[in-house]
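Q: Residue-level listing of the chains:
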Amino acid sequence: MVMIDPRTAGRSRPQGSGFELFVWYLMRVTGVMLFVLALAHFSIMHFLFDPSQESASWIAARWGSLAWRVFDWTLLMMVLFHSFMGVRTVLLDYVHGTRARLLSMSTLYIVALILFAAGTAVVMTLPVVA
Amino acid sequence: MLLRYRAREGMLAWAFHRISGVAIWLFVVVHVVDIYLVGGDPKAYNTVLQIYGSPIGRVAEVLLGAALLYHALNGLRILIIDLWPAMTVYHKALWYASWVIFVLVGIPGAFIILRPVIGPILGIGA
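Top line first, the protein sequences correspond to chains A and B. Mapping the first sequence onto the numbering used here, position 97 (from 1) lands on 97, and the numbers just tick up by one. Mapping the second sequence onto the numbering used here, position 54 (from 1) lands on 184, and the numbers just tick up by one.
Hint data in this document are derived by calculation from the structure and do not stem from the laboratory. Everything hinted at is true.
If the Cβ cut is set under 7 Å, some of the chain B residues that face chain A in the computed set are:
| hint | residue |
| --- | --- |
| 1 | GLY151 |
| 2 | TRP155 |
| 3 | VAL158 |
| 4 | VAL162 |
| 5 | TYR166 |
| 6 | GLY169 |
| 7 | PRO172 |
| 8 | TYR175 |
| 9 | ASN176 |
| 10 | ALA202 |
| 11 | GLY205 |
| 12 | ILE208 |
| 13 | LEU209 |
| 14 | ILE242 |
| 15 | ILE243 |
Just so you know, even glycine gets a beta-carbon here, dropped at the ideal spot from N, CA and C.
Can you make the complete structure from the sequences, with help from the hints?
A: Next up, the structure:
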């Protein structure tokens, strides 16, 4: 059971200096990055522009800028780590038993790897349009 | 769980953080797949995009934005308390402060997203 401090709503800092503490710190580091990157991304896509105009050719034109490809890939890395490790914490809270845990954790990590590969592939290989 | 216990601020903040987090995760899974289509099948992506631009899609985007904003603001609150344990005394005040920011940012944000739907109804144009 992952310890939750009811006063703060946050996960209590794990004891020791192993993998769990490393994840605990990285959740906070990626959380701060996402506060900026994810909110900026949502604001750009919904307030500055509108989804109705964001067609495949619009995205290709936007990715004509290397800076936006770097921005989007960084956002992808942060959000994949933060969201999948967050769901991992939730699953460890509710899923017990060796088999169920093995199955849920493997599924989680496989889906994460597929999204990592698919997202990285499209952001790095989409042809540049003039 | 939330109905049976006399829920207090800290517990509600935790429950909402968890629910909004799982909701955002679900969207991230869908969103990476739809962006993959930009390279793999642009026509299919443009079809999916029409859903995002539809009235139902816009309501879903407001809900997504709300989950994102709550999770971001409460995450900041968790971080403040983690880095500065003395602030634990004010954890309820911090939660209420996050709701003030949520409303101040969220209402105009929801209006911008929903304007193509509600603008004509209100007679102010899309």
